[in-house]
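Could you build the full structure based on these sequences and the hints that come with them?
For what it's worth, our numbering labels the leading residue of the sequence shown as 449, then goes sequentially.
None of these hints come from the bench; they were simulated from the model.
One thing to keep in mind: the hints can contain errors.
Claimed, not checked - Straight-line C-alpha distance at most 27 angstroms; calculated DSS-like pairs for lysine-lysine:
(1) K570 with K584
(2) K529 with K593
(3) K584 with K557
(4) K627 with K650
(5) K480 with K531
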Amino acid sequence: MKMFHVKQTIKLFIFQMFFYFIYGENFEKFFKTYSFVIFSGEKEVGFINVSISSFVSSENVKIYSEIDSYADIPILFFMGKTKNYEIEEYNFNDLTPLNSMMLTIIEGKKEIITVMENKLIKNDVYECKITKKEKKTKEKKFEFKYPILTAGNAIPLVSTLWDFEKINECEFNFIDKEKMKIEKIKLYYLGREKSNHLHKIKLVLPYLVTFFVYLDDNKNIVYAEGIGLKIKAKN
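This is the structure in structure tokens:
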């Protein structure tokens, strides 16, 4: 029995080393918590915390994110007085989202549960099924190809796939779980700011909502601003 456990431990160790050797260079550096505070003028009106981590078992590797957020006022995907908590799991080699469960609480009372399940159906095509449970249950299916963004994988995927100093603009698809469909975001690199030496990115969201995002040399978000708001990183 003891020899069995030793073999299993060695097997797990080898599997972990293989994972970090092949994929760690791309994704391991993103395994941390990103914390942001939202301001309207001088008033703090919300926060966003995104924690990305991994779990290695003897059979597979799981990468997942935990998202905790709140907004006092209607902002983008928030309806105002809204708190969200979500856990999302990804394919370990490319961060394709596999499933998620999100709990939305409106004004501390009304609850909405949104469940997403994705599966590979052919080649690189995934089927996405989103189920939203309110007073009535809504369900919608659609297809997507890699890469696809969500709130949980956007930072590592954009940072890894887009070298903004070589390619000045790019476009990504992302899953809008609130509207239960795929939307597009466009990113434009506007160069380095002389005043603060930060890299300036123009981010165009659906319905022509524009944000300007400022990054340091390691592509960390320092702050973002748009539609009368400022979002500052805490770490």
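Quiz item: Hint by hint, which ones does the structure fall short of?
Solution: 1, 2
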